[in-house]
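Build the full structure now, drawing on both the sequences and the hints.
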Amino acid sequence: MDALLVINPVVPLGQVVATRGVHALAGEKPEFAEFMRRSLNRHAKGDWGNIDEADKQENELSLKQGFRILSAYEAGGLPKIWIITEADRSATTILFPDEY
Numbered sequence: 001m002d003a004l005l006v007i008n009p010v011v012p013l014g015q016v017v018a019t020r021g022v023h024a025l026a027g028e029k030p031e032f033a034e035f036m037r038r039s040l041n042r043h044a045k046g047d048w049g050n051i052d053e054a055d056k057q058e059n060e061l062s063l064k065q066g067f068r069i070l071s072a073y074e075a076g077g078l079p080k081i082w083i084i085t086e087a088d089r090s091a092t093t094i095l096f097p098d099e100y
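Per the working numbering, numbering through the sequence shown is continuous, rising by one, with the last residue being 100.
Don't read these hints as lab results, they were simulated from the structure. Hints are not guaranteed to be accurate.
[As the list claims (entries may be wrong)] Cross-link-like lysine-lysine pairs, in silico, PhoX-like; alpha carbons within 25 Å at most:
{"no.": "1", "residue 1": "K64", "residue 2": "K45"}
{"no.": "2", "residue 1": "K80", "residue 2": "K45"}
{"no.": "3", "residue 1": "K29", "residue 2": "K80"}
{"no.": "4", "residue 1": "K56", "residue 2": "K29"}
{"no.": "5", "residue 1": "K56", "residue 2": "K45"}
[As the list claims (entries may be wrong)] Derived DEER-like restraints, expressed as beta-carbon distance ranges:
{"no.": "6", "residue 1": "E28", "residue 2": "G66", "range": "33 to 39 Å"}
{"no.": "7", "residue 1": "E53", "residue 2": "P30", "range": "31 to 37 Å"}
{"no.": "8", "residue 1": "Q65", "residue 2": "K29", "range": "34 to 40 Å"}
{"no.": "9", "residue 1": "Q15", "residue 2": "G77", "range": "27 to 33 Å"}
{"no.": "10", "residue 1": "H23", "residue 2": "K56", "range": "25 to 31 Å"}
{"no.": "11", "residue 1": "K64", "residue 2": "G21", "range": "29 to 35 Å"}
Beta carbons are placed, not taken as given, at the ideal position from N, Cα and C, and that holds for glycine.
In structure tokens, the structure reads:
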């Protein structure tokens, strides 16, 4: 994945990786690759995307307590993705929900 520059991230991303399915689709569809970059930027900034209020509150707690953070993003005509940052902030994974 191309380098991503996030100014003042709320979430340290660590090493950013994508599953094989996500990586393959990003290579085939530039619009999906751009959607991934935008979504990752939103995640790093604390915009958790399309999750319910309870999960948003859980993510806010996770920022303070050092737990795992999960975001979900959707865009018209593109598959939904999840972005998960590990509790120790060593890695962030981009995946399709059915790959979890």
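Fill in: Violations among the numbered hints
4
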